[in-house]
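Chains as they are written, first to last, in this note's numbering: chain W, 1 to 255; chain L, 1001 to 1255; chain E, 2001 to 2255; chain U, 3001 to 3255.
A couple of the hints might just be wrong.
[Stated by the list, open to error] Below, in silico cross-link-like pairs of lysine-lysine (DSS-like), each with a Cα-Cα straight-line distance of 25 Å or less:
#1 U:Lys3242 x L:Lys1136
#2 U:Lys3136 x L:Lys1242
#3 E:Lys2237 x W:Lys237
#4 W:Lys237 x E:Lys2139
#5 L:Lys1139 x U:Lys3237
#6 E:Lys2189 x E:Lys2136
#7 E:Lys2237 x W:Lys139
#8 W:Lys139 x W:Lys189
#9 W:Lys242 x E:Lys2242
#10 W:Lys189 x E:Lys2136
#11 W:Lys237 x E:Lys2242
#12 E:Lys2136 x W:Lys237
#13 U:Lys3237 x L:Lys1189
#14 U:Lys3139 x L:Lys1237
#15 U:Lys3242 x L:Lys1242
#16 U:Lys3136 x L:Lys1237
#17 L:Lys1189 x L:Lys1136
#18 L:Lys1237 x U:Lys3189
#19 U:Lys3242 x L:Lys1237
#20 W:Lys136 x E:Lys2237
#21 E:Lys2139 x E:Lys2189
#22 E:Lys2237 x W:Lys242
#23 L:Lys1189 x L:Lys1139
[As the list claims (entries may be wrong)] Not close to chain U: a few residues of chain E, all C-beta gaps over 10 Å, as computed:
#24 Val2018
#25 Ser2121
#26 Arg2156
#27 Gly2224
#28 Pro2252
#29 Arg2253
[Claimed, not checked] Footprint (simulated), chain U over chain W, 3 or more residues, beta carbon under 8 Å:
#30 15-23
#31 34-41
It should be emphasised that the hints constitute simulated quantities derived from the structure, not laboratory data.
Bear in mind that the values here come from a model prediction, so they are computed numbers and not experimental data.
Even glycine gets a Cβ: it sits at the ideal position worked out from N, Cα and C.
Number of protein chains: 4
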Amino acid sequence: MDTWRTAIVDAGPDHIRVRGHDVLDLMRQATFTDHIFLLHHQRLPSPGERRLLDAILVGVADHGAGAPSCAAARLAASGNRQSLSAAIAAGVLTIGDEHGGAGSGCMALIAAGLTEARNDSASFEAVAGRLVDAAKATKARLPGFGHRVHATIDPRVAVLFGLAKDAGLEGDGIRFARALEAAVRDRIKPLPLNIDGALAAILVDLGFPAMVGKLLFIVARVAGISAEVLEEYTREKPMRIKIPVAYDGVPPRDG
Amino acid sequence: MDTWRTAIVDAGPDHIRVRGHDVLDLMRQATFTDHIFLLHHQRLPSPGERRLLDAILVGVADHGAGAPSCAAARLAASGNRQSLSAAIAAGVLTIGDEHGGAGSGCMALIAAGLTEARNDSASFEAVAGRLVDAAKATKARLPGFGHRVHATIDPRVAVLFGLAKDAGLEGDGIRFARALEAAVRDRIKPLPLNIDGALAAILVDLGFPAMVGKLLFIVARVAGISAEVLEEYTREKPMRIKIPVAYDGVPPRDG
Amino acid sequence: MDTWRTAIVDAGPDHIRVRGHDVLDLMRQATFTDHIFLLHHQRLPSPGERRLLDAILVGVADHGAGAPSCAAARLAASGNRQSLSAAIAAGVLTIGDEHGGAGSGCMALIAAGLTEARNDSASFEAVAGRLVDAAKATKARLPGFGHRVHATIDPRVAVLFGLAKDAGLEGDGIRFARALEAAVRDRIKPLPLNIDGALAAILVDLGFPAMVGKLLFIVARVAGISAEVLEEYTREKPMRIKIPVAYDGVPPRDG
Amino acid sequence: MDTWRTAIVDAGPDHIRVRGHDVLDLMRQATFTDHIFLLHHQRLPSPGERRLLDAILVGVADHGAGAPSCAAARLAASGNRQSLSAAIAAGVLTIGDEHGGAGSGCMALIAAGLTEARNDSASFEAVAGRLVDAAKATKARLPGFGHRVHATIDPRVAVLFGLAKDAGLEGDGIRFARALEAAVRDRIKPLPLNIDGALAAILVDLGFPAMVGKLLFIVARVAGISAEVLEEYTREKPMRIKIPVAYDGVPPRDG
């Protein structure tokens, strides 16, 4: 096989270097969040950037055993108690555009808006209005807006934006997200930014591309899935989970 | 279906609480490592405990694209570019007793030794000697000892044990691991503690059961797998990976 | 990387050969069941062997959407609609000793019994009695016996054993399974062979080792999972699945 | 949780019915291929349809240990020997648009062409020409055409089309695929139909939608992955697989 190339880790005979940093130095001084930032961004974060990424990872790590990611992991732990990694992987596999993907979708929306504003020398308000009109015309959902429970505002949004302000890291991502929120309110109905929209705005301001939004969701959620699997192994019997099913297909074909 | 019970997250209508802590407070003040500790240990860590867990998570996050976990993730990203979670899950699935499992295995060994020492009121030296004799008799491998590259000592071990000393967190786990290392040297040959053995000793001293050793390896490694998958998506073409295979089975059956 | 060796497929420039057979010949003449047999057994089956393997694969392909394998696949299809393979893999991951593993477990039991009978020149009745006594003493479950629904006899068992008789393929596997059934009845209580026990007996008689029992279960069940995933994609909206969870952990910490 | 609805399996207290058929009857009379057809098509196949589906499943079950699906499964079996299902799932996860997806892609192309021909009352030649021109203009690949090894014609194509002819099952799918092949030859260069294109044409003629093309690829390939995993478990040591990696990232940052 051809040798694979990589720019991430240099595992020499005496040292492992990650993005050029000696792993021994990182072990002594970096937090896991620093390391996650380094792996995905090729540099270490500032203290303010670290605080924001910590808040995001903490905020999405676990929302309960009923989320598809945690429920599928528990189902796998229930039937296959030979492999912790099998249970965690089953949970990860439920994460896609529909579950855990709104942040990444909103990052793409914000990034597209910022590019359009720059290319057209247009105001954020004008571009946000155009994007909302387009979504309205095609009845497309705007990822990152609205919430099933919090009719007015998700309290986690205020926390995230407060941290961004305290760190002096409010940037065009947050400003454009706010412009989108206003355009949605004026053109459709009040659908406040939810946590996916808030973390999307911040991750854009931290310099991450949209794809990384989904990757960081997975990194964070694996911490929660892991704890759910631990509980299933240690507190529940195998095969305890019953799901009721009603058959509505073709009737018996003969006898 | 029956309602599932859980002791981890309480996702009420206005707040999410994790192990009784308001997630808003955690987002403001906790690091991701604090949160991982909380999810798996039911309480937040002290600053010294946090530093040790950070060092462990950083130390195992990524050892290069050729590790099975990263290689399988890249293979999946190469053939199936529709789902980031599919690639990460493929990497996770390679983690078992043979890859990423030595820490967990060594934790079980240390925990068994500590129980035996307590029950028999025996010295660590005596118990460690017995365990090594038993492994020698059955030709069982002692997980956490020896290294392919570092003939004498893995430099990451010194870093981890130095951090434990600085934090005043050297406990019976580390002491028993040292007793095992001495017994191995005296009874078999010098096979110094490797990073898996060192993190096992520390995780025992932090109060984690052996199963958590493997879970934390997975949590840490997913950060590395994620970055490897990002690189494969952004820098490499699909299906670029060729693996050479030589057939050594039955010859053609007729013509 | 070193070249990998394989005895299964020889993919030359003009022909693909599987276990020495030209794939063109196999495509023309073999059934998929023949091919599965060939891949796992290194030879093609007789017509009677084929009929038995067909019956087994058909019998375990799908037992309903509520089985963990199908439920986890549907959860993944619900949250991650970007990858059919991710949904199928999530279903596969629930298969272990507890779900889909009884056949393999019973094959190991029968194989151990047959070896013991041969080595000790003992009757099947004597060896079966010893194995059941041992299981009773350690309160171990006997895989392949008993059923939640069919109090007396699972009708699928009669079908499988009838097919084996018709094909002239009743062998020591079936005879030993019957001896175990009698020993269970006499020493514990009437727990008739279930479908896992019946297919285990037949697979032993077909010459398969225990590990193949679990592999064939997976091969068969993937056909069912696949149809369940197809239905979830085409008939259900994403994220339709709700699982009720009750929190019973630590109360709010306040602060 | 709400009850899940399903139209596939009715698992009553005494019988399991699949698509209205008693599973006992199916076990006695149906082949596994019949059952796969029934699960995905809601009816049993004719003998000719069965022969074609058998040929397709046999033809794609395994192309060697170096294919991403088999290589990833072997990597997982190498690092995680606790779970056969984990290894098989890792293999499945590599299957996407790029690996195993050309059949499904070609089915969508043929289906779109047939719809266009019907709606516009246009000849297959005209519609195929338009589709090829469109692909040429956008430099899109035409899935199902061309082959790395077989410069002129993949011999498996002749086998599949010969079986379709013998069974009297040549339909518009095959006719349109031939029209596409001629249009490719005339407008781009000779790129004969490959096995993915041939099975796509046949699966369209058997009445399957494009999504089923990928599902059937997975069902077939799992048989091959399963045999590869069996070989890795029984013949190779854990962690035997080494992949060479060259680091081309940032140089050491300091010392």
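Results of checking the hints against the structure:
A threshold of 25 Å between alpha carbons decides the hint, and for Lys3242 (chain U) with Lys1136 (chain L) the separation of about 28 Å lies outside it, so the pair is violated. Restraint check: the Cα-Cα separation between Lys3136 (chain U) and Lys1242 (chain L) comes to about 28 Å, which exceeds 25 Å; the hinted pair is violated. This hinted pair does not check out: Lys2237 (chain E) and Lys237 (chain W) have alpha carbons roughly 31 Å apart, beyond 25 Å. At most 25 Å may separate the alpha-carbon atoms for a hinted pair to count; Lys237 (chain W) and Lys2139 (chain E) meet this at roughly 16 Å.
Between Lys1139 (chain L) and Lys3237 (chain U) the alpha-carbon distance is near 16 Å, which keeps this suggested pair within the 25 Å criterion. Restraint check for Lys2189 (chain E) and Lys2136 (chain E): satisfied, since their Cα atoms lie roughly 11 Å apart, inside the 25 Å limit. Taken as a hint, the Lys2237 (chain E) and Lys139 (chain W) pair is honoured in the structure, with Cα atoms around 16 Å apart against an allowance of 25 Å. About 14 Å separates the Cα atoms of Lys139 (chain W) and Lys189 (chain W), which keeps this hinted pair within 25 Å; it holds.
Taken as a hint, the Lys242 (chain W) and Lys2242 (chain E) pair is honoured in the structure, with Cα atoms around 14 Å apart against an allowance of 25 Å. Between Lys189 (chain W) and Lys2136 (chain E) the CA atoms are separated by roughly 67 Å; this puts the pair beyond 25 Å, and the hint is violated. Simply put, Lys237 (chain W) and Lys2242 (chain E) have alpha-carbon atoms about 22 Å apart, close enough for the 25 Å limit, and the pair holds. For the hint linking Lys2136 (chain E) to Lys237 (chain W), the alpha-carbon distance of about 21 Å falls within 25 Å, and the restraint holds.
Pair hint Lys3237 (chain U) plus Lys1189 (chain L) holds up; C-alpha atoms about 24 Å apart against a cutoff of 25 Å. Between Lys3139 (chain U) and Lys1237 (chain L) the CA atoms are separated by roughly 16 Å; this keeps the pair inside 25 Å, and the hint holds. Restraint check: the Cα-Cα separation between Lys3242 (chain U) and Lys1242 (chain L) comes to about 14 Å, which is no more than 25 Å; the hinted pair holds. For the suggested pair Lys3136 (chain U) and Lys1237 (chain L), the alpha carbons sit about 21 Å apart, so the restraint of at most 25 Å is met.
Straight-line distance between C-alpha atoms of Lys1189 (chain L) and Lys1136 (chain L) comes to about 11 Å, which keeps the hinted pair within the 25 Å bound. For the suggested pair Lys1237 (chain L) and Lys3189 (chain U), the alpha carbons sit about 24 Å apart, so the restraint of at most 25 Å is met. In summary, the hint linking Lys3242 (chain U) to Lys1237 (chain L) is supported, as the alpha carbons are separated by about 22 Å, within the 25 Å threshold. The hinted pair formed by Lys136 (chain W) and Lys2237 (chain E) meets the criterion: a straight-line CA distance of about 21 Å does not exceed 25 Å.
For the suggested pair Lys2139 (chain E) and Lys2189 (chain E), the alpha carbons sit about 14 Å apart, so the restraint of at most 25 Å is met. Distance hint between Lys2237 (chain E) and Lys242 (chain W) is fulfilled; the C-alpha atoms sit about 22 Å from each other, no more than 25 Å. With a C-alpha separation of about 14 Å, the suggested pair Lys1189 (chain L) and Lys1139 (chain L) falls inside the 25 Å cut-off, and the hint holds. Non-interface status of Val2018 (chain E) relative to chain U is broken: a Cβ of that chain comes within 10 Å, the nearest being about 6 Å off.
Consistency note on Ser2121 (chain E): stated as away from chain U, and its beta-carbon is indeed over 10 Å from all of that chain's, at 29 Å minimum. The beta carbon of Arg2156 (chain E) sits about 7 Å from the closest Cβ of chain U, which is not more than 10 Å, so the claim that it is off the interface is violated. Not every CB of chain U lies more than 10 Å from the CB of Gly2224 (chain E), the least distance being 6 Å, so the non-interface label is violated. No Cβ of chain U approaches the Cβ of Pro2252 (chain E) within 10 Å, the least distance being about 26 Å, so the stated non-interface status holds.
The non-interface label for Arg2253 (chain E) is consistent with chain U: the shortest C-beta to C-beta separation is roughly 30 Å, beyond 10 Å. For the region 15-23 of chain W, the assignment as covered by chain U holds, since 5 residues bring a beta-carbon within under 8 Å of that chain's beta-carbons and 3 suffice. Counting residues of the region 34-41 of chain W whose beta carbon lies closer than 8 Å to any beta carbon of chain U gives 0, which falls below the threshold of three, so the coverage claim is violated.
The structure is inconsistent with the numbered hints 1, 2, 3, 10, 24, 26, 27 and 31, although it conforms to all the rest.
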